[in-house]
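Build the full structure now, drawing on both the sequences and the hints.
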Amino acid sequence: LLEHAMSPKIEARMVEVLGRPGTCPHGNPIPGMGYELPKDLVTLDSIEDGEAVIEVVTEEAELDLRLLHFLDVNGVRPGVHVRVLEHAPFNQTTTLQVGERTVTLGLAAAHKILARRAVASRNGTS
8 LLEHAMSPKI EARMVEVLGR PGTCPHGNPI PGMGYELPKD LVTLDSIEDG EAVIEVVTEE
68 AELDLRLLHF LDVNGVRPGV HVRVLEHAPF NQTTTLQVGE RTVTLGLAAA HKILARRAVA
128 SRNGTS
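Residue numbers for the sequence shown follow our numbering, beginning at 8 and rising by one.
Relax, there's no trap hidden among the hints.
Cut-off 20 Å, straight-line C-alpha distance, at most; resulting in silico cross-link-like pairs (SDA-like, lysine to any residue):
| id | residue 1 | residue 2 |
| --- | --- | --- |
| 1 | K46 | N35 |
| 2 | K16 | G39 |
| 3 | K46 | E58 |
If you're looking for bench data, these hints aren't it; they were derived computationally from the structure.
In structure tokens form, the structure reads like this:
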């Protein structure tokens, strides 16, 4: 809404001050900045097990302030490395290791988070 209330000059200055970001803090592309999401991103609920890097908390997830708060408090945000421990379809959950914390999300919430599968290094770690 703020974009409708500011002049193009103020908007241009804000973009410069912020370092010309291509995405919002949740990883979603900012219109007009020329950034496109990488094609290799997948929803968190589609990663069976293993390491991943959170890249985007989707705009759909941004609409749910309680979900955003939960993700923030639990460290599930763009740039964070996680390990997918389990998907439990019988109770509709995905369990992650985020740092030292175990975090359980509903499958619907996990579907609103885009991640990149982490690539293992030569010594077998991510």
